[in-house]
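Trainee: Residue numbers (the numbering used here), protein chains in the order written: chain Y, 1 to 694; chain X, 1001 to 1447.
No false leads were mixed into what you were given.
Sample of chain X residues at the chain Y side, in silico, Cβ under 10 Å: (1) D1125; (2) G1185; (3) A1189; (4) N1191; (5) E1206; (6) K1222; (7) M1223; (8) H1229; (9) P1235; (10) T1426.
Note that these hints are calculated values from the structure, not bench results. C-beta atoms are modelled at their ideal positions from N, C-alpha and C, and glycine is treated no differently.
Below are the chains, spelled out letter by letter.
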Amino acid sequence: MLVAGTAVSDATPPPFRTGILPVLTKAGCNAGACHGAATGQGGFKLSLLGYDPEEDFERITRELGSRRVEVAHPEESLVLRKPSGQLEHEGGRKLRRDSNGYALVRDWIAAGAPYGPRDLQVTGISVEPSDNLLHGTNLTKQLRVTASLSDSSRQDVTDLSLYTSNDDAIAEVSKTGEVTTVGRGLTSIMVRYSGQVAAARIAVPLGDAKIGMDDFPARNYIDEHVGRELSRLHVPASPLSDDAEFLRRVHLDVTGRLPTPEATRLFLAEPSSAQKRQRATDELLRSDAFVDFWTMKLADLLLLNGRGDTAAAYHAWLREQVATNAAFDRITRALLTSSGDLARVGSANFMTLASDPRDLSEHAGRIFLGAQIACARCHSHPSDRWTQEDYHRFAAYFARITREGGAVQISTRGEVDHPKTGKPLSPKPLGAPSRPQIGDVDRRVELAGWLTAPDNPLFTRTIVNRVWKHLLGRGLVEPVDDLRPTNPPTHPELLDALAADFVAHDFDLRQLIRTIVSSRTYQLTSRTRGVNRMDSRLYSHAYLKELPAPVFADAVAQVTGVPDLFEGCPEGTRAVQLISPATPSPALDVLGRCLRKRPCDGSAQTGGGLAEALHLINGSTINGKLRGGVIEELKGRSSREIVEELYRRVLTRPPAQDELAEWEPLLASGPDRTEAVQDLLWTLLNSREFALNH
Amino acid sequence: MKTPRPTQSHRCDGVSRRDFLHLGLLTSFGLSVTDLLRLQAAAAEAPGHSAKAKSCILIWLDGGPSHLDMFDLKPEAPSEVRSQFKAIPTSVTGLHICEHLPLTAGVMKDVALIRSLTHELGNHDTGTRFMLTGHRPTPALEHPSLGSLVAQTHGFGGAMPPYVAIPNDGVGGDSNAARAGYLPGACSAFNVGNDPSRVGGLQLPEGVSFARGEHRREMLRKMDAFSRHIEEGPPTRDRDAFYEQAYRLLASTEAKEAFDLSREKSETRERYGHARVGAGCLLARRLVEAGSRFVTVVDTGWDTHQQIFKELPDSRFPGSGKLPALDRAYSALITDLRERGLLDSTLVVLMGEFGRTPKLNALGGRDHWPRAGSVCLAGGGVKGGQVIGATNSFGEIPVERPVGPPDLAFTILKFLGVDPTRELTTPTGRPMKVMSEGSFIKELVGV
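Please work from the sequences and hints to get the whole structure.
Mentor: And the structure:
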């Protein structure tokens, strides 16, 4: 058994891969900015963070006529003299002569610089404690890292691991794994050793005093998890939203529409109750607006950016899936395995997202697994466990497809080669053992089976995390397409529970939304309470969300009663129903829309900023709709009625007393009543309250 | 800005010194978990500077301009490397550039040509972000573009937006040229839309008088005060800042006119050329004249993977003819700025994300080559008529005075009075130097 970090002259020298390479990695030799760069540094190249031990071994022991290691005179070796500062070294002093690391390398060289057992490798690491609660700033905690090796041994690698704080405004971490709290909140420390990764969570309570959770009774399991974290971090929860706030939020989140004035009137007239809210939610889940909206969300996710027949077929297929409430695993399997005429088989269009199997595998990894695997195309992923071989074997699933003549077809030829050996690779799932190959059948079937299996943790988690982010304004993991062991969720158990629930309900999207919306957590007000103003990841209050451009445009059309017209689309088509993101619309361009060229995940790719403000103040989106429609409809009503009606339509709430007192006389006394009503409507549509889902 | 604030701020992030002190206080009990710290970024006062340049016009050649066919021709190289274009003499003795840039050749006495740009990021996206931020892109933190840093330091020049992007096919207003990174959204560029001749939203809608527009503005101020229950947060703060900028701009006739190209004589428009890059450069000149600090003119179509010798010079190829259009626009801009006495206060930068492969590919084009490229700087105190750095005989790598994107960013910022060594704060409270590496290119000022 080896104890890394101690320089004992042992009969067996440390193996290169598990004993020496980590010393070099720890010293920073193979970092991206040093010898780990693609072109090396100063004529000496190492693999990034040591992902290619055999090549590194060659480079160190064989290149440059072995001057890098001199077995006869270990201390004369360049690999020691340079980093210890005895010879000029551009990277500075990295390995002190009196350090354990220096001694380890020296003794290894003295023992003949052997590679050691070829198959011995690190199979995993664990960090203890994995969950740390520290009551205050300036407190420290020592992490301990243990590596498991392929020969079943374990070793303490605390001194040789690399540590990075995911938020160094909350916690800093030293080179030796000692954590110091510097701020309050929740973060984690990323730990890397020999190609393996792990993370430790760090929590520093926001408030000084413990708080009771009596005013946060759980409605379902979501609240139990959220409540526990709030209590642990001494953060009070805000009260429940009032009915108006809830109604507006749930309509925008579930259907991308505002409630009609009638729906608002009826809902607000009935006494508040959880049942009433549930009923309203269920109605929305059954609506056509739900289908339109979630079809758009899926099209955004899948980067549906074509035009014409094929895009129409793809869109129609997606809409059908949402309308019939198809299980999400089934939708995914269809996308991953369909073939045929692109204008007829909508689901086959997914395969046209990219023609290079590697590009397509990156899309699939991001969309369905929340995994950013692109790094591993050229070298091992620096903060995840994927190797170059993992990457290319995953890509091999997409190697045998042709896309000629407007149809996707299975081919019996096509390979993804290993970038180093140039040999074709057999397909293998990410992070799972190879599956037996069954002849010449469609490789994608095997992929789809593995990917959508209920026990694939990435698939279910990435889907529920995206839905959660849409509804709550922040993902349990952020960014939502970067799920990896070193980027842990804020509420790991909640994410697990949501994923398990999703599987238990047969991958039912509506049921998932229903469960989240029913929780107290979702229904909290966005008004903050005390110290919870500082919170942006514990869900102590509802977070503000901007209305996405198509939703904003549709809402303006809805409340003004003046619909938009989109070129080449039937009258009455709403922005969320557009099939192609290239449908001409200067308004959507300036308001911001997802062009579906690259992932949006909720944030627009165009528009915003000063141009948007100018457009809303002077442009046609609002000003072009202040004639006819609701303005005409309200003619002849009393000033008070008009104010109330406009508030109900635009803001989903009645005006407060001071608001009535301000606007009512303005409408009553102005020289031109129509102008006054137009101005009030303009004002409401330009208000920050309208622009936000709160 | 519609929420009453203790002090009226003229910075793009709406932060006054007083706000900063207030926020500093909050930080001590844990603001780090919120995004509120975005605010803090700008609070340190801009350093006093003796920089001559007040403004910058960046002409961004999107896709990666070919150094070997524009400013660094290698007539002696073998045919698989050599440009088919001839090298012509310029107004600087001994300096030759591409035959399709004859007007530019005439203004080279005002230009410092860097031939030794080099980096290692060969993808459009990463290369662009490296060049426009001076930082290697990382997923952990998005760095602000140079224009955002300038905007954040100098704030509004009167009513003019400090940072304007004149995009092309959506490029530039989108992912690359304009983003504010970790700075507040209000430091991002004002994207004028695809047609420089028609900038939208500057005129009151039909039937709305100035007085009525003001009345609406007052109503809006009251309305937003009524919905105070909508919490302050980054979305509301960015939005409020944009509305304030918008009203500032709308209130100034002079500022609005700056965006109106129709006020230029037809000879002037002719001189800049009718290609979009020409109109963009002319609009840029009007904007810096009126007080904008950083204007990016994006010209797309430089990603010449095929038929480079046909596409670049010949405007009969669809979407091509890049060289004649650029030649006209660039030379007209330099000349026009000089004639108006603005060249000394306006730094003009011409660059793209990288150079192109020395070896021609099978399609007669050149692929991405970040290891060598050319950059032109003029005006703003730059000593013109000089060449800085050199590449080897095939134009593959610098053999003299390599210049990296951090050096270039450092230098441009310094020219514009932004202290590159200043420390900013990211939304998570992390202190971050404006530039973490790079050094000033002294040759540009004749040292």
